[in-house]
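Listed here are the chains, written in short residue letters.
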Amino acid sequence: MTRIRHGPSLPLLSLALLLLVVLSSSCARQGAQGPQEERAGDQGRGQSAPAQTTRGEESAAPAGTTVAPGADGEGREEASSRPSPNPPRAGESGFTAAPEASGGEEGAARAIAEVRFGRHEGYERVVIEFDSPRVPRWALSSPAGEGYARIYLPGVENVRETGGGFGGEIMDGYYVVRDPRGGFFVDVFATGPFRYRVLELESPGRLALDYAPAGGSLARPLPVRGERNVVMEPRPRQAVAGTLTVSGYSRNFEALTTVLLRGPDGSVLARESVTASDWSEAWGYFEATLEVPPFAGEATLAVGAESPRDGTFRGVEVPVVYGG
Amino acid sequence: MRTTTAGLLSLLVLAVAGVCASGAPAGAQQGALEQEFRAAAAEYGVPAELLKAMGYVNTRWEMPPEQSRDGGWGIMHLVRNNTTDTLGEASRITGIPVQRLMTDRAANIRGGAALLAQAQQGSPEDLNAWYEAVAEVGGGRLYANQVYETLQSGASATISTGETVSLAPHSGASPQGVLSSQSSADYPGAIWYPASSSNYTAANRPSSHPIDKIVIHVTQGSYASAMNWFQNPGAGVSAHYTVRSADGVIGQSVREKDIAWHAGNWEYNQTSIGIEHEGFVDDPKWFTEAMYQSSARLVAYLCKKYDIPIDRQHIIGHSEVPGADHTDPGPYWDWDKYLAYVRQYAGGSSGGYRQVVDNADIITSGRFSASSGWGWSRYSDSRYYWNYRFARPKAVSDTAKYRFDIPATGDYAIYAWWPSNPGYNRATPIGIKTTAGWRWVWVDQTRNGGRWVYLGTFNLSEGDEWKVQVSRWTSGSGYVIADAMKVVRR
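Residue numbers (the working numbering), protein chains in the order written: chain Z, 1 to 324; chain P, 1 to 490.
Calculated from the structure, these hints are not laboratory results.
Quick caveat, the model's predicted, so the values are computed rather than measured.
Check the hints yourself; a few may be wrong.
[Said to hold, decoys possible] To give an idea of the interface, some chain Z residues facing chain P are shown, with a C-beta separation under 7 Å as derived from the structure:
id	residue
1	ARG137
2	ARG150
3	PRO154
4	ASN158
5	PHE253
[What the hints assert, rightly or not] Residues on chain P that point at chain Z, a partial pick, calculated with CB under 8 Å:
id	residue
6	GLN220
7	ALA246
8	TRP261
9	ASN269
10	GLN270
11	THR271
Glycine residues also receive a C-beta, built at the ideal position from the N, C-alpha and C atoms.
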């Protein structure tokens, strides 16, 4: 049998040497003054995110700008990791409160390969890394005063990260959710009002989302979030009446999510079970519709599922009041 | 420069392979596929017969037009999903763009050969020395065993392009036993993929708790993601077994002696075995013949092992567990067929013979045959399983054939499934080989699509042969469709 083996050619040796140099310089940079960036822990695994420094991310380019690898973006990362005399504030350095933003390239990537978190002077950053050199089409929605931004990624088909806590000052955590319309979306929650900035980075394709505190308070309470259920609507103490749509995402067994409206005395006023868009690969989006009867005082919306172990109901609770 | 060098070498190897092929003895005419295997084997220094055996196990040497359910592409099943990326790896090694590896048969085979070469240390002449590399590339020892069993037995087929491919038997090829780390599965042949110990209760069944029922589930997701989730310490859920849709592969996550958390009812959990099936309750395409048969074989094994009666009181759906609000396995799960298979595999009464042959089901692909004059399509959503074949009406003897293994001479009901469309043929001839010769039925394929259509009851003779065929020899201009056929014993 003839077997053709390619011996190490000169170009290959050169490539190996170049790689060695790049790795060495990267290690040196991390050891010396790398940014405090963490790989986001997988919330689904119940792990806290280890404070592990990985590699740096470029920064300070305006939203929608693509920074080529090796361009001065790399250098700016070191600068941004040092204490800055002029930390970015809301309204500066490209930070915005705009409700929408978009970018990317159609079909440029099919998978979310990794999600990382980093603390920087005056802002915090989550980096969504893709499985290709470029960033796929994305659209960001950041409802004013809601405390989160949602990044739609309609072309993404697979995800290797599904969510995790950041524990940052302003950036709290993220969820990767299968969008019933196709692709996935990523919700990045804040601890309070924020302005944001989006950067596109190449090789590998990365989308960096920065949050800077904006001061003041949120317009609405944050969504209730639990281990396997997140309720986006309604929010705590919201007035409800008539036909109520309960929406959110979950990781309940076989995607079955149950919504119960319990009256002040604990009796079940309404109940609906729906199938979410996923559960095992990522968070699955759900919407359930309930007819809310009149009630006095504070009722509780319970969202979750029966435990596969013993059938007891496990989930989160959202207090609501009657608004009829 | 590397690409150029590799390209020149490829050309050289292809040229050499071409010369060798042209020097083959008369009568041993090789098709393009044979040459593609040999060229790839020569280029990467791997045994051509091994590549052919892998290709046979993967797709029966067909080049699938789309990815498999687990993200595999082409005859070499180069995979890209959220856990595996042999497609990307093959692209990196060969320099061939991913898109081409997906769609170009020769490139796909080169990709598979490159992966095999990379996985193998050295280039041994002994085929058995490649076993671990085959297991690594193919995803495990079960796969490697299938490849080596194919090598042992040899194989031949005429594929949809019309090419005839053959693999000579290699008596020295030997499948190997699974390693101890993988033999932890209770069920022989299952892949052991242990759940996190946080997701089940350790026990010593049946001593600690009798096992008297089996609960059938549907995952509402993929085989891999369900078993991955069971490994997540925070999941709070598990099942003993999970069955893959495309090929019936079985993974085991919890030992039978332990109590998996699947039923949502502690009493039922303590006394049952939970089996997940990859798919969605509202999409019958996931419930493949391969999955039904594989799962039924497993259930037959469990029923015999724990003396569980084979009936609907003891083999139940998740939806039938008291207190459960789940709906799986749902209305598309064919309980009659399933229990008949279980009884058949358990060695009891057949409960009635029933067999489905689909044009694209990988497992049954050896039971379907059509020439390259029949195109592939997934255009209609009401197709059975993966895709269907279509052809323009023509006065030629060019039928799409279905092979059935009839257990005994007798009366059998025949059903056909096609996706309907106003542009399809109104008088498609379907032939049934009865004990009195071929009988023909003409069906209107502009109507009644997406369901089993009863063609009649016919007396069929015992034996495994081409029993049903769809002909192109008809009037009109609408496409003649060949999708799936079903035979049920009366």
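Hint check:
no.	hint	in the structure
1	ARG137	violated (18 Å)
2	ARG150	violated (21 Å)
3	PRO154	violated (17 Å)
4	ASN158	holds (4 Å)
5	PHE253	holds (5 Å)
6	GLN220	holds (4 Å)
7	ALA246	violated (17 Å)
8	TRP261	holds (4 Å)
9	ASN269	holds (7 Å)
10	GLN270	violated (10 Å)
11	THR271	violated (14 Å)
When each numbered hint is compared with the structure, violations occur for hints 1, 2, 3, 7, 10 and 11.
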